[in-house]
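Peer 1: Given the sequences, and given the hints that come with them, work out the whole structure.
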Amino acid sequence: MVKVVTMADIAHCRRKFMDLQTEVLIIGGGATGTGIARDLSLRGIPCLLVEKGDFTSGASGRNQGLLHSGGRYAVNDPEAARECITENRILRRIAPHCIEPTDGLFVSLPEDGPEYRANFIRACGAAGIDTLPLSPREALSLEPRLNPRLIGAVQVPDGAIDPFTLVVENARDAESRGAHILIHTEVTDLIRDGVRIAGVRVRDRITAEAFAIAATWVINATGAWANHILRMAGLQIGLALSKGSMLITNTRLSERVLNRCHPPASGDIIVPNDTVSILGTTSLRADDLEHYEVTPEEVTFLVDELSRMIPDLKGERFTRAYAGVRPLLQSEEAGDDRMISRGFTLIDHGSCSGPEGLVTITGGKLMTYRLMAEKTVDFICERMGLHVPCSTHVQRLPGAGQGHTLQDRLLRLRRQAPAAKGEILCDCELVPREAVDAILREGKVRELQDILHRTRLAKGTCQGGFCVYRLLGLLNERHKADVSGGSNLILKAFLEERWRGIRPVLWGTSLKEEELIESIYKGLFNLTSGEPVLPGGGGA
Amino acid sequence: MTKEEKPAPFTKFPDICVRCATCMAACPVSRVTPRFPGPKQAGPGAQRFRSAAEASVDDWIDLCTGCRICDTVCPAGVPISEMNLLAKAKYLDERGRSFRDWLLVRSDLFGEIAARYSKLVNPLMKKKAVRWLLDALLRIDRRRDLPAYEYPTFRRWFRTRQAPEGGGPVVAYFYGCFTNTNETDVGKAVVEVLEAHGLTVVVPPQRCCGIPRLGVGDLRGARKMGRRNVDSLLRTVRGLDIVFSSTSCGLMLRHEYGPLLHITGAEELAQHLFDICEYLLRLHEVGKPAVTFRSIPIKAAYFAPCHLRSLDMGLPALELLRLVPGLDVSLIEAECCGLGGLYGFKREKFAIAEEIGKDLKEAVARMKPDIILTDCEGCRMQIRHMTGLKVLHPVQLLRDSLERRGTAQQKGLLKRAGQACKSKNVRLVISCVRRVCLFLP
Numbered sequence: 083m084v085k086v087v088t089m090a091d092i093a094h095c096r097r098k099f100m101d102l103q104t105e106v107l108i109i110g111g112g113a114t115g116t117g118i119a120r121d122l123s124l125r126g127i128p129c130l131l132v133e134k135g136d137f138t139s140g141a142s143g144r145n146q147g148l149l150h151s152g153g154r155y156a157v158n159d160p161e162a163a164r165e166c167i168t169e170n171r172i173l174r175r176i177a178p179h180c181i182e183p184t185d186g187l188f189v190s191l192p193e194d195g196p197e198y199r200a201n202f203i204r205a206c207g208a209a210g211i212d213t214l215p216l217s218p219r220e221a222l223s224l225e226p227r228l229n230p231r232l233i234g235a236v237q238v239p240d241g242a243i244d245p246f247t248l249v250v251e252n253a254r255d256a257e258s259r260g261a262h263i264l265i266h267t268e269v270t271d272l273i274r275d276g277v278r279i280a281g282v283r284v285r286d287r288i289t290a291e292a293f294a295i296a297a298t299w300v301i302n303a304t305g306a307w308a309n310h311i312l313r314m315a316g317l318q319i320g321l322a323l324s325k326g327s328m329l330i331t332n333t334r335l336s337e338r339v340l341n342r343c344h345p346p347a348s349g350d351i352i353v354p355n356d357t358v359s360i361l362g363t364t365s366l367r368a369d370d371l372e373h374y375e376v377t378p379e380e381v382t383f384l385v386d387e388l389s390r391m392i393p394d395l396k397g398e399r400f401t402r403a404y405a406g407v408r409p410l411l412q413s414e415e416a417g418d419d420r421m422i423s424r425g426f427t428l429i430d431h432g433s434c435s436g437p438e439g440l441v442t443i444t445g446g447k448l449m450t451y452r453l454m455a456e457k458t459v460d461f462i463c464e465r466m467g468l469h470v471p472c473s474t475h476v477q478r479l480p481g482a483g484q485g486h487t488l489q490d491r492l493l494r495l496r497r498q499a500p501a502a503k504g505e506i507l508c509d510c511e512l513v514p515r516e517a518v519d520a521i522l523r524e525g526k527v528r529e530l531q532d533i534l535h536r537t538r539l540a541k542g543t544c545q546g547g548f549c550v551y552r553l554l555g556l557l558n559e560r561h562k563a564d565v566s567g568g569s570n571l572i573l574k575a576f577l578e579e580r581w582r583g584i585r586p587v588l589w590g591t592s593l594k595e596e597e598l599i600e601s602i603y604k605g606l607f608n609l610t611s612g613e614p615v616l617p618g619g620g621g622a
Numbered sequence: 046m047t048k049e050e051k052p053a054p055f056t057k058f059p060d061i062c063v064r065c066a067t068c069m070a071a072c073p074v075s076r077v078t079p080r081f082p083g084p085k086q087a088g089p090g091a092q093r094f095r096s097a098a099e100a101s102v103d104d105w106i107d108l109c110t111g112c113r114i115c116d117t118v119c120p121a122g123v124p125i126s127e128m129n130l131l132a133k134a135k136y137l138d139e140r141g142r143s144f145r146d147w148l149l150v151r152s153d154l155f156g157e158i159a160a161r162y163s164k165l166v167n168p169l170m171k172k173k174a175v176r177w178l179l180d181a182l183l184r185i186d187r188r189r190d191l192p193a194y195e196y197p198t199f200r201r202w203f204r205t206r207q208a209p210e211g212g213g214p215v216v217a218y219f220y221g222c223f224t225n226t227n228e229t230d231v232g233k234a235v236v237e238v239l240e241a242h243g244l245t246v247v248v249p250p251q252r253c254c255g256i257p258r259l260g261v262g263d264l265r266g267a268r269k270m271g272r273r274n275v276d277s278l279l280r281t282v283r284g285l286d287i288v289f290s291s292t293s294c295g296l297m298l299r300h301e302y303g304p305l306l307h308i309t310g311a312e313e314l315a316q317h318l319f320d321i322c323e324y325l326l327r328l329h330e331v332g333k334p335a336v337t338f339r340s341i342p343i344k345a346a347y348f349a350p351c352h353l354r355s356l357d358m359g360l361p362a363l364e365l366l367r368l369v370p371g372l373d374v375s376l377i378e379a380e381c382c383g384l385g386g387l388y389g390f391k392r393e394k395f396a397i398a399e400e401i402g403k404d405l406k407e408a409v410a411r412m413k414p415d416i417i418l419t420d421c422e423g424c425r426m427q428i429r430h431m432t433g434l435k436v437l438h439p440v441q442l443l444r445d446s447l448e449r450r451g452t453a454q455q456k457g458l459l460k461r462a463g464q465a466c467k468s469k470n471v472r473l474v475i476s477c478v479r480r481v482c483l484f485l486p
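These protein sequence lines map, in sequence, to chains A and W. Numbering follows the working numbering, in which position 491 of the first sequence is assigned residue number 573; successive positions increment by one, without gaps. Numbering follows the working numbering, in which position 117 of the second sequence is assigned residue number 162; successive positions increment by one, without gaps.
It should be emphasised that the hints constitute simulated quantities derived from the structure, not laboratory data. Some hints here could point you the wrong way.
[To be verified] Pairs of lysine-lysine, BS3-like flavour, derived with a Cα cap of 30 Å: (1) W:K344 with W:K435; (2) W:K460 with W:K435; (3) A:K396 with W:K135; (4) A:K594 with W:K57; (5) W:K413 with W:K403; (6) W:K233 with W:K171; (7) W:K57 with A:K396; (8) W:K233 with W:K413; (9) W:K171 with W:K469.
Peer 2: See the structure below:
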């Protein structure tokens, strides 16, 4: 792990948390974990969250950023569809700044046939999802790049969601209400006290310091890593790990989410997200949770399959490929992972011959994170004998407005402090120096990737090729990069991670640009490979 | 809107950009003002964020002079200025254009009238009070010299003159508004030089090329002008080569009518369009003409206008000028004069134009030439304004060095000067004497 914090920051942290004890300990800083932390703190229950990387390091940061209407599940999994549309409406209310209400189209191509479309409209109606059938002409006028051969489309209230902001805002709100959060802190062992789990042993991944945290309840909200924690208690649950790969385009392909109107399959969705569009997904069994890549076959498959919906997709420029691992609850009949319900489960290990005080919440999806948190906290409250109702569905998240248009960006730039005006660190995504300064001032980030999770820096065309060295300059100025290898090591770790993301889609203009970036780093900066490079965390 | 007028899809442009920032280093505007973020940012960068459905907000786009240097330096071939132009058109369509802009782009209409009454108009335009008034009412900067009008116009001169005998190959001439009403001598020089090369010059019916309208993002207006020109030129001169002496008109005719404005027939027209120097140089390269140049032993500096560079044909004027014996001509190492056509006349942009031109001014000061030569009327105005030196179109110097003219012409000029003295026409006297002096060793 590479540091971007001073020793003083950590010492301060440790002084604060040396003697750690809490009521509820949450493991995992994804949407579910931070959602639970927020829910607990809203109900006045002290809690502490530990996360081995940064927020959104797992599936929460490696998904399509789709605000489901539920339409996708309506035919096969009506219960999940109902959950989705309920949460969809709640999220629009509590986190409007994380959401682009783009709407979505379910596009029927000739090969999809009209039968599924009829089924789909019926199932959506049953699940309470509003649908608006569109003629091919109407659909094309809304989305001119669609395949003109389409036989129809159905509009549903899909949208785009920014999971990074959503999770960070949840965490920030929890902290402001008394929750404690330790990122880059890994659970190494569970502490048992007879039949109960009495706490956890953790290790700071940056300082390597180990300490213990005592807790009455331990919630395992580690998603795909659930069994990794449970193994420490000699437990295991049936969890299928399914890798989903996605591609990011340089520009927005459509203004609406585009789905194929056919039974859920791989490569049938395009989500506009801020300045880009995300193409997804595949579904392959993952064996290793720490090392997985997007394969060339997956890239070819996604581009081929989705160019049925947008025929000129092949000429599009792609900036990155990434993959996430979905934790899917194993059903009895093994088969296609897509047939496994996207539902979630809450397991109280005490009531099924495991140690008491340990709860696992897994499965589910980003859309239902709040519901998962609500159910978990409801359960904890019940066991604690508390009767405080949940309020996460009405309490809005804090945070400033976001937007993907030039207007939004320029207005945001205009709001910056006058001193920082004009200085833009990332010119692909118009991220001003001031935005990074504000994050550094907050003092919560400990790694370069942490900064990248909190801004759109390096998420544009050049993927950080032309701006990360500017960021390093800023870090150096702020004395945040002067420990353990310094800027060089940080830069290398970043470039390794970047390379992992861009390599699968490196052709055409991207390849030309990469030649240029390579010569800048190797030729001008004299950056050599050779020294061991530590992998960074982080998503796309 | 018919099919031919459908604007090109430019959603792909941000994808071609490799973010190398070469254009940022070359852009004259972003070099002098932080208000313009540079071609990369304003073009492919901002394009990623723009949405056709949303109102334009990037007011910086109006600061682009349209010099097209970014296009010429871009290694990836991104049509940056086209992208900026389309964004500017959308911005100004939404915001509306000022009366000044409306007026300035119609200079071809009032130019004829102003030329007719040039004796009245010219002294007026030099009056401080008038300039102050124009500044106050129209925001046309009072520090900028307004170009004087000349009468008879080039068109009138050409129509009424005694055409020389000879049935050489025919070539058509697109003179442009400024030559017609403000620098008629450039047109005369073009005709004389072409005739000296044994060609017969015809002047087809023509209108303003429309580039001033393009400058204020009025694509529809520019397309209207363009369609008329293409129709007229194709009808009357089909099969003939057409030369132009104004690089900006030429750029418009050759490069914007087709790819940007999608005017039917523009591609065919473009194949027959040549810059006057490019055309003459070709004649010399194939060794056709029996024209030799007389020595003009002066020190000249040649400036290559931005629009000439974006025509992508090298520097034919410079090569031609090197054929003139005794002429010590060197290239001015500067990017852009800064005027940007009507841009530099606008009060809010005057300072930017001046600041851009500083490089050129300093380069000229270092070279200390007797005369400056450049192909574009805008550049000529700006260089005169900045340096106070004599600035000509290269073809004017070529005309003056034509062998057959020589001393006979000097005599003629002196004779005319004498007549002018009698008739107390001071301007003609000065012009004759000036031209005689040019021939002096």
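Peer 1: Decide, hint by hint, whether the structure agrees.
Peer 2: Okay, the hints, checked on the actual structure:
1. W:K344 with W:K435: Within the cut-off at roughly 12 Å; holds.
2. W:K460 with W:K435: Holds: K460 (chain W) and K435 (chain W) sit about 23 Å apart, inside 30 Å.
3. A:K396 with W:K135: Roughly 29 Å between the alpha carbons, so the hint for K396 (chain A) and K135 (chain W) holds.
4. A:K594 with W:K57: Within the cut-off at roughly 16 Å; holds.
5. W:K413 with W:K403: Holds, at roughly 15 Å.
6. W:K233 with W:K171: Given that 30 Å is the threshold and the Cα spacing comes to 26 Å, the pair holds.
7. W:K57 with A:K396: Judged against 30 Å, a Cα distance of about 12 Å means the pair holds.
8. W:K233 with W:K413: Holds, because 28 Å separates the two Cα atoms, which is no more than 30 Å.
9. W:K171 with W:K469: Holds - the C-alpha atoms of K469 (chain W) and K171 (chain W) are around 21 Å apart, at most 30 Å.
Comparing the model with each earlier hint shows no violations; every hint is respected.
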